[in-house]
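J.: Sequence:
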Amino acid sequence: MAITAGDIAKFRASTGAGMMDCKKALEEAGGDMEKAGEILRKKGIIKAAKRADKVAAEGLTHVEAKDDVAVIVEVNSETDFVAKNENFRKLINEVVNHLFVAQPKSVEEAMKQPMTGGAGTMEEYFTNATATIGEKISLRRFEVVKKNADEAFGAYVHMGGKISVLVVLTGSADESLAREVAMHVAAANPKYIRRDEVDVSVLKKEEEIYSAQLKAQGKPDNMIVNILKGKMEKFYSEVCALEQPFIKDEDKTVQ
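The opening position of the sequence shown corresponds to residue 1 in the numbering used here, with each subsequent residue numbered one higher.
If you're looking for bench data, these hints aren't it; they were derived computationally from the structure. Just so you know, even glycine gets a beta-carbon here, dropped at the ideal spot from N, CA and C. Hints should not be assumed to be uniformly reliable.
In silico lysine to aspartate or glutamate, EDC-like type, Cα no more than 16 Å apart, as pairs [what the hints assert, rightly or not]:
(1) K42 with D21
(2) K231 with E206
(3) K205 with E38
(4) K136 with E208
(5) K66 with E143
(6) K231 with E208
(7) K146 with E180
Have a look at the derived ranges for each label pair, beta carbon to beta carbon [what the hints assert, rightly or not]:
(8) A5 with S172: 52 to 60 Å
(9) E123 with L203: 29 to 37 Å
(10) E27 with E124: 23 to 31 Å
(11) K84 with M111: 22 to 30 Å
Input sequences plus hints: build the corresponding full structure.
T.: Below, the structure is given as structure tokens:
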């Protein structure tokens, strides 16, 4: 397939690699950006691709905990300007209040529910908000989480709502510790809690990429086996929350 300048620009933004490297990798991968990212990693051009699964939308997130129930939510707008509007923040607060009361299981279910305090269904509420604010406003996702009395919620909002984190701590009711872990998650962005959650296919792909890098450096096979073990340990420490260096004391892991 033909690789356009727009494809190269998008891929470059997601990897940080040079324009010609991006162009060659895309051509080799037939336009598949995920495969092209693997090609760049195998060649050692990039350490790891930037997160390419972020939603291409503006908006805000919010998290709130009350007693044994917590709500975390993301509401999207078309522009960052609207997301800073007081009416938009008011809308998020009203949506959060509704989710606490109604506790729907999905966005589809939530949109059909009558809004707490009137104003028709939530779908009508968002339709009216879109008309009032002047651009499309939508409920992207949410989670209603419950905990036991001997557990703790850690809620943290970062960058004015660009990132929100909710942590549930089991075996402890220490809310300050739970909040510190939530702050760590906001900063370190782990993909998993512990290493046994990492899919086997992900591990195989990482091993394949590291092996290709080491072979390109001229390492002999018997050395690659041992180096690979260290590389995978480093991988776990980057993507698993419990194995990451704790942001407030990097001599300790979160565990």
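J.: Which earlier hints turn out false for this structure, listed by number in ascending order?
T.: 4, 7, 9, 10
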